[in-house]
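Residue numbers (the working numbering), protein chains in the order written: chain F, 1 to 453; chain H, 1 to 186.
These are calculated hints, taken from the structure and not from any lab test.
Careful, some of the hints might be misleading.
Taking lysine-lysine and the PhoX-like style, the derived pairs with C-alpha atoms no more than 25 Å apart in a straight line are [what the hints assert, rightly or not]:
(1) LYS127(H) <-> LYS136(F)
(2) LYS23(F) <-> LYS136(F)
(3) LYS23(H) <-> LYS148(F)
Output of the computed footprint for chain F on chain H, the stretches with three or more beta carbons under 8 Å from beta carbons of chain F [as the list claims (entries may be wrong)]:
(4) 6-16
(5) 129-141
Each residue gets a CB set at the ideal place from its N, CA and C atoms; glycine is no exception.
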Amino acid sequence: MSALILTSVLGVILLYLGLFGGKKLLAPVGILGLLGAIALFVMDKQYINIPQFANMLSFDAMGISFSIGLLVITILIFIFGIDYYANEEKNVAEQFALMIFSVTGALMMVSYTNLLSLFLGIEILSIPLYILAGGKRNSMRSGEASFKYFLLGSFSSAFLLMGIALIYGVAASFELPKVMAMAATSGTNILFLLGCFFVIVGMTFKVAAVPFHFWSPDVYEGAPTLVTTFMATVVKMAAFAALFRFVTMIGMPAAVGKALLLIAIVTLLVGNITALRQSHFKRLMAYSSIAHSGFLLMAILSNSANTPSVLFYYTFTYALATVGLFIVFTVAKRAANGDEHIRIFRGLFRSQPWIGVMLLVMMLSLAGIPPFAGFFAKVNVFMLALGAGQIGLTVFAVVMALVGIYYYAVVVREAFTASENEPALVVAPTNWLVISLCGIAVLVLGVMPGWLL
Amino acid sequence: MIYLFYLFATISVISALFVVAAKSPVNSVISLIVCFLSIAGHYILLNAQFLAMVHIIVYTGAIMVLFLFVIMLLNLNKSTEPQKSLITRIAAVAAGGLFLLTLLGAIKNGIGIATPGGYDGGIGLVKSVGMSLFTDFLVPFELSSVLFLSAIIGAVMLGKKESTAKQMATGDSAYAGLNQAEHIVR
């Protein structure tokens, strides 16, 4: 609870720092504050599993691990931000502060026990993102991304709200324990199922699952790279934790299970197949993120006692690799004068061998090749699905994972091809640090998955 | 009391009719303001003071002023008003009629079904709203300030004039307007 207060106040502190010209201090203070929030989560033992403030939030084991994971990823993105915003004069404080506010919403989403705090968390997460996506003021694409995300996001919020209203109509309460008790007795009430369906539509929009994924490639492409990184990692982690909490709460009625199964299959298919044809790196990452949503939906579908830890391991290692890859992309993009085609990686290994190796590690992890973390994440998901008796789905997902290796390999091939004109890659020390951290973490967590599971 | 109800009801219905019937959009908006004010009167009659005040501040104050500004900025008048085609009119009448039918059906079937359980007459008072905001709903109440703060930051950030971006001037002002609208609505 104190961590939530800390992050909200931290955003205001950053705003004041920006006002009084402490631009150099912004990222360090932000990182320090986020570290403090992690410490508070680790230390505040008295809050664990006890519903806070009239059943609004409850910090259980899953909520705390996801919160810490979210904060770690945000810290990595902030370190990236030191270099990313180095040449920018205006609105830097605002952008950092908005990211902090967004994380506050994400923290609410991973430990809600009340549908009201779920909705508020999603809104606090999204509204800053709509603004951040339009951060590049003189770029038409950025404006388009912001506007598109805003319109579609509001639309999905409306669905979510409608669903919550229907559930409230049946259960006469926003509190999850009461909704849970109601779902156990009259779980097949048509209004209740309709409400669950609407809520799932709203949430799958946030995780960019097919058929609610159309915003994500355009928004990923148009938004500033740092914001894209944030959307691809923090939002995804928070939204999956929230979706899982919701699904366990309603006890997965058969109809909801069928809907989720359908969404998972279509997401796996469309995400992986469409990614094959992408040559624009950000769009490729968008479709890769859609494909990963499919695997994560499989984990949610199985709905067993192990699901939270599998979900956390998957999202966290996915987020680590994604953050690192987007930083490598930014470095290569600068050397290529703003080109975003994957050919900008050509000659990367020649000019920066270490960065090239890290790119290889993170790409292979996303592709799911042993011994990297992505492999164990996928294996865990498949084991869960098998345990739940979803044999057909698992076979299909394995095939899709194999298809997915191709488009990651294309990028790796570019990086290891020598180019005739060597790109002059400049890697700032902070970026080097984050890339190395992400790459090594992906490798170490792959070798020792027990540390997180 | 009952006379007040009939007074407010008459004003609401007549002003609502004026909203649709008025030729000039400005007159239409002003009738809508009158309609909202009389509905706020109904809220007071129902002992819902908080709702009445919020209704006046948010709907009558903020949103209707926004409407007026939009109408004046767009400079809507009769000559620019697009003529509706016959098909649109028929579709509009059919949609409205179906909606009316649904409402009538709901009222007909709904009478007597609802059993008002444990209604607390003081539930709409400012005091009880404040009590529940600061006890049961403290966390959402406080955290929504973060939401508003980020909306305000966004309005300032996107709405501020950028000296370097000249060719985007038109597009930017559109986004700024949008954001301001969002800010007022929220």
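Evaluated hints:
Our distance criterion of 25 Å between C-alpha atoms is broken by LYS127(H) and LYS136(F), whose separation comes to about 46 Å. About 18 Å separates the Cα atoms of LYS23(F) and LYS136(F), which keeps this hinted pair within 25 Å; it holds. In summary, the hint linking LYS23(H) to LYS148(F) is not supported, as the alpha carbons are separated by about 34 Å, beyond the 25 Å threshold. Check result for the segment 6-16 of chain H against chain F: violated, 0 residues qualifying (beta carbon to beta carbon below 8 Å, three or more required).
Here's how the segment 129-141 of chain H fares: 6 of its residues keep a CB closer than 8 Å to some CB of chain F, so the rule of at least three is met and the hint holds.
Hint violations for this structure: numbers 1, 3 and 4, all remaining hints satisfied.
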